[in-house]
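For the record, the sequence lines run as chains R and Z.
Going by numbering that gives the first Met the number 0, the first sequence opens with residue 0, and the numbers climb by one from there.
Going by numbering that gives the first Met the number 0, the second sequence opens with residue 0, and the numbers climb by one from there.
The set of hints was computed from the structure by calculation and includes no laboratory data.
We put the CB at the ideal spot given by N, CA and C, even for glycine.
Hints are not guaranteed to be accurate.
Unchecked claim - Partial pick of chain Z residues on the chain R-facing surface, computed with a CB cut under 10 Å: (1) Y1; (2) P3; (3) D6; (4) D101; (5) V139; (6) G182; (7) R183; (8) S233; (9) A259; (10) A262; (11) F263; (12) L267; (13) Y271; (14) R274.
So the chains spell out like this:
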Amino acid sequence: MTSTSVMGGIVRRKEDPSLIQGKGAYVDDVKRTGELAAVFVRSPFAAATITSIDIEAAKAAPGVHAVYTADDVRHLGPNPAQVAVGTLRPLLADGAVKHVGEAVAMVVAENRYLAQDAADLVFVDYEPGEVVVDLKDAFADKVKVHGDASNILLTWHGHGWWEGVIDLPDPSPGIQEAKERDDTVTVSLEMVNQRLLPTAIEPRAVLADWNSGYGSVELWSSSQIPHAVAGAVGVTFGIPSNKVRVVAPEVGGGFGVKLNVYPDEILVCFASKELGRPVRWTETRREAGFASTQGRGWVGTATITGTADGKILGYELEAICDMGAYSHNFTVAVPLLGLFIAGGQYNFPTSYALHCVVTNTQTTDAYRGAGRPEAAYYLERIVDHFAREIGMDPADVRKANYWKPEDFPVQTAIGLTMDSGDYEKNLDALLDRVGYEDLKAKRDAARAEGRLLGLGLSTYVEVCGFGPSALAGLGFSWGAYGLPTAFNGSGVVRVQPDGTCTVTIGTGPSGQGHETTWAQIVSDGLGIAMDNIEVHHGDSVDLPMGIGTFGSRSIAVDGTATFEATARVRKKAAIIAGHLLEAAPEDIQFADGRAHVAGSPDRAVEWGQIAESAYQPHTLPEGVEGGLESSVVFSPPNATWPFGSHMALVEVDPETGDVDLLEYWATDDCGNVINPMIVDGQLHGGIAQGIAQALYEEAIYDDMGNLLTSSMANYTLPVSTSLPLFSLDRTVTPTDVNPLGVKGVGEAGTIGSAQTIVNAVVDAVAHLGVRHIDMPLRPKRVWQAIQDAKE
Amino acid sequence: MYPPNFDYVAPTSLDEALAALAGAENTKVLSGGMSLIPLMKMRFVRPTTVVDISRIPGLDDVTDDGDHITIGAMVRHATTASHPLVQEHASALAEAANGTADLLVRNRGTTCGSLALNAVAADQPGAALALNATMHAASVRGTREIAAADFFLDAMTSALAPDEILTKITIPKGGVSTYRKLGRRGGSSDYPIAAAAVWVDVSDGSVSDARIALNGVSSTPYLAVGSAEALVGSDGSADAIASAASHATDGVNVLEDLYATVAFRTHLAGVYVRRALEDVLA
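Next up, chain R with everything else stripped away, as it sits in the complex:
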């Protein structure tokens, strides 16, 4: 193939001209005639019994069409969840509230202003109960969140996490033995991986239009998983999924917060059905802290036992993981994803106990990385700490314990199989590029002058590209939503008689650049220009069965499906072109929008001519069916296992504790790369979110369960001026679980970065006696740690 090859090249994003000119259509840009607006009445208490709700004044308020409470919607059942361990959320609080901000009533009015006015007139009598917010208190299980049920929903253990499938020997006795040896040291740190607010730029938004004539409903939702939402709406209302059309148009950021089915999605459908009018709800920025899921929230102790020459003989992590009050889509599965990378890139025995515990706070669920940033944080903090305590270079300790290239495929500590990896090569590439020895000398020289420079390293392996449909056996399917599909991917490629190509995929972008990357795959395969390829996504009816965008899975799974569909279209087009050109199909080549006979570029037909023939079957060779379209569902044999090495240089102000991030370098390995610019963009955003956790962000609850950081004035998201230019590079270790050799990169930056920063800051102040500081490393905390070390 000749000049049309665009795979692996920097291609400008097709979607940007519309997005940056404000012409992209988000849910709030979709308008329906006769829309009503919904507003929710939310609980001011974290734990209370509802003794009465008076809605009469609200119902009589101007412009109000309806006020709904649990009495109206109880028959629809609770909000559906995929991994349904624990208490599911009622659509509206039913007799009790379990967290501040829980929706108690829904007001529907002519517009959102009148709806809010009326919501202020809903009078709810609460009988406040005992609140449990602190994770250790919740784990102690004295004050219970849900009646008599234990706060501890389950504990994930590394060696036996999948009953009946994974049953490995308990590594704890072996680790205990290592601890008792004379030549080993054991180090431990208790660390908090704090709760975060996912904070997409576009808060969630929904618009439902129920058509009683057709018996169908259309729902626009800012969602990462429109097909699952469609399934859930169908199951809830007892209508088939082909009567539900869920559209996720442009989505202004997802990060996991839109990887859920929410009560508001069900409730606007209900209200539209009842009132015969379209009903819209748009989350406000402040409301997002109460109406959408949150991320992280672990407190745990990491322990390493090893010899003085850096050989690690055991790693243990015991953590309490905050589930919040109710279980949503993947709530208890998030720690499991951390378990998936339990031993990381290292060959040593690993013992995990992750306790999933409920509290009187908003529910947690997936947030960029989902369990893997937490797992990588504990592992890479304690490895760094171990290196410091035995006086070894942190890079050398890591190398001493890595899996080697010849070890692959590797069975992980919990019985999964990592197909590929070359960790030492990747780390060396980083160390060479940054000039590691010179950097250490620079740091030490500055320290001699009283300046607090710190150098932090983290390496990581992650698991993504979900994934094998066998995971359906774990509950990782959309079964609860009436869709017994597992984590497969899908792609449809169709060439039209004008020679253009339409691609429809089962996954949609919330900023990741699908439209460009997928067009590159197809353009490369068919020789059709990028401008003549349109990629469609996000519509549960028009598009192939899809699972959605999460877990860095789109390219490895749906991308592969599209790649295969492209190959099939190409194969058929070669037959047709061969027929038209009187040549053998195997001699047909595609380039520059046409097919030609190998060695005779003038013997050619345009794609339009091929397609025209395809849609006039009488012109086709015998035995060839009409049409020029292929639809492929792909399920990979395994997940993918990207890895990388990150480093940061920081300077700490000794007087104020203010951390200045001077430099950030990353060398990642996500396998083959289709568009380096888009991959770098994913890393930039991911790293920024990891740095944000390390330095800036925290969802802070008080003892009464009030979220103190629901405003952007005090949640302190990073801004562009907070961050340096990141210096990125990559190694390429392709996976063989898909023909593209791609692994996924959406979460890698986040998984590698938070502990890189903390390791750097601790390095800057370690000589003062500091060994750990919990995130976020606000000036207050760093200053206090320095003061405490002085004492």
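Starting from the known structure of chain R, fit chain Z onto it as the hints suggest.
Same frame as chain R, but now just chain Z:
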């Protein structure tokens, strides 16, 4: 985040605006709206009438008036930050404006609006105190001048009456000033965890006059009188500066919040007074 119903008027003369303020109960003046509108959307502030002064001509100038400069009610933070007159004669205020929020907010928010609101975390009030600004208030009852030292009463409370508009501020020329802060995200942007605005006049090698103000430290900005006293008459040496810094929170009720304990904030107040003084006395 949806405000209750309110009336909105946008007069094109100051007299009309003052009449609108005098003629209604529970009014609010809207200039840039960067604080008022979010407060209304959260329903924390519920005015019945909003008087938008942005269409009144003549309120958006910075002028040189001999021994002082004047900043009008509609001068935006971005203008205050970059205006040569402010940079030359009131650099503490220019620096405060430059570090306020982000560029979008600075392009809309006004210096006088920030002073009139006196939010706990605002940058402008400390600079106005250190610069000894005079506030010029107008109402249908007439005009009056209020010294900065008498203007900032308590959190979100200034000396302005409900029917008054802060039409301009004047700042005397002379001396040298600067504004230094630690922001909530670290560095020198964002709301201050603690900030110091300092103004000094130096003649014949000694500090002849000084004003040192802190904001973000207590519920309202204040002049650290003890710090200024420690400095005036001194040679501005490191010892004198250290002595001034040690009085930064004398007699003050220091705030505790998500970003600082009392001990940390008290420490920061001294650090930032010292750093600001080192700047202007270098």
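Structure-based check of all given hints:
1. Satisfaction of the interface hint for Y1 of chain Z is found here, the shortest Cβ-Cβ separation to chain R being roughly 4 Å, below the 10 Å cut-off.
2. Among the interface hints, the one on P3 of chain Z holds; its C-beta lies about 6 Å from the nearest C-beta in chain R, closer than the 10 Å criterion.
3. Taken as an interface hint, D6 of chain Z does not check out: its beta carbon lies about 14 Å from the nearest beta carbon of chain R, beyond 10 Å.
4. Because the beta carbon of D101 of chain Z sits about 7 Å from the nearest beta carbon in chain R, less than 10 Å, this interface hint is met.
5. For V139 of chain Z, the shortest C-beta to C-beta distance to chain R is roughly 32 Å, which exceeds 10 Å, and the interface hint is violated.
6. Checking G182 of chain Z against chain R by beta carbon gives a least distance of about 9 Å; that is within 10 Å, so the hint holds.
7. Here the hint on R183 of chain Z is kept, as its CB sits about 5 Å from the closest CB of chain R, short of 10 Å.
8. This hint is violated: S233 of chain Z has a C-beta 22 Å from the nearest C-beta of chain R, more than the 10 Å allowed.
9. Interface restraint check for A259 of chain Z: the shortest CB-CB distance to chain R comes to about 5 Å, inside 10 Å, so the restraint holds.
10. Because the smallest distance between the Cβ of A262 of chain Z and any Cβ of chain R comes to about 8 Å, under 10 Å, the interface hint for this residue holds.
11. The interface hint given for F263 of chain Z holds, since its Cβ lies 5 Å from the closest Cβ of chain R, which is under the 10 Å cut-off.
12. For L267 of chain Z, the interface hint holds, the least distance from its beta-carbon to any beta-carbon of chain R being 6 Å, beneath 10 Å.
13. Using the Cβ-Cβ criterion of 10 Å, the hint placing Y271 of chain Z at the interface with chain R is satisfied: the shortest such distance is roughly 9 Å.
14. Annotation: R274 of chain Z was flagged as interfacial toward chain R, and the flag holds, the nearest CB pair being 9 Å apart, inside 10 Å.
Hints 3, 5 and 8, counting from the list given before, are not met by this structure.
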